[in-house]
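Protein chains: 2
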Amino acid sequence: MSDADHLQRAIALARDSMRENRGGPFGAVVVRDGVVIAEGANSVLATSDPTAHAEVVAIRDACARLGTFRLDGATIYASSEPCPMCLAAIYWSRLERVVYAAACDVAASAGFDDTFFYDELRLEPASRRVPMRQDDLPDARALFEEWKRKPDKTPY
Amino acid sequence: MSDADHLQRAIALARDSMRENRGGPFGAVVVRDGVVIAEGANSVLATSDPTAHAEVVAIRDACARLGTFRLDGATIYASSEPCPMCLAAIYWSRLERVVYAAACDVAASAGFDDTFFYDELRLEPASRRVPMRQDDLPDARALFEEWKRKPDKTPY
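Chains A and B are the protein sequences, given in the same order.
Quick note: the first sequence uses the working numbering, first residue 8, plus one each step.
Quick note: the second sequence uses the working numbering, first residue 8, plus one each step.
Looking at chain A on its own, in the form it has when it is part of the complex:
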């Protein structure tokens, strides 16, 4: 199957989810070595979970199926350009490649906030629309000293 075939599957998942009122029109497929590992559709409305975007759903399912928190060597196909949450999830999961169809601004024209959130993340914390305050407690810094010294840690 080609990249376009996998994208068409992501689009079909998006369409079904929207028509069933499970969430917005977003779908994703995770593929490795030509094998579909997992699929996901936006299910924010059905599950009352604001993090249940198609890519996050597909990544979580792929990791659950493989029993790992890493998806090295895999590609994610998304019906739209990933929002910042999904893109960072893609980085954390160590996916190798992203293929997407509609660009962010198309989603934005339909009322989704992806481009606004990209703009916000570029700002310094104090300049963002959502107020962010730091209280630099020594106990929080100490956590990382303990992590650095921890002999049996698993980096991720």
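Everything labelled a hint here was simulated from the structure, so no lab data went into it.
As the structure is a prediction and not an experimental result, all values here were calculated from the model.
If a hint is listed, it holds; no wrong ones were tucked in.
Among chain A residues calculated to face chain B with C-beta under 8 Å, some are:
(1) A21
(2) N28
(3) W154
(4) D159
We put the CB at the ideal spot given by N, CA and C, even for glycine.
Using the hints, position chain B against chain A.
Chain B only, in chain A's frame:
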């Protein structure tokens, strides 16, 4: 309870999770009107889920408990500055305020990739370390036309 009290609870959650090898040293608490709605700790390792960051875990749990995908009026307390995935999740969940203790660069010094990911998200898709390719299929654009026309949609 004060902001510092809630942060200390987030730090305690982080410490426990790290010592039990459930994940990195990260904890979070969601509070509204002085009431703790949900708590979370990083559980990437225990659950093989790369999205199981403290803030995401706490947001998902808060939403599940309240039966909503919106946390308007609530504050999230995090032992560290949220990574881009968590910050975007905070925006999607419409949390009102963020209070955090350790800054990103402290986490980075312990080997966590938060600052690198912030830098990557600032770049155009084609310039990012993870290759991103767009295939602008008309069927993907059509999804958003259908969403705009959909009479019974729930915006989120």
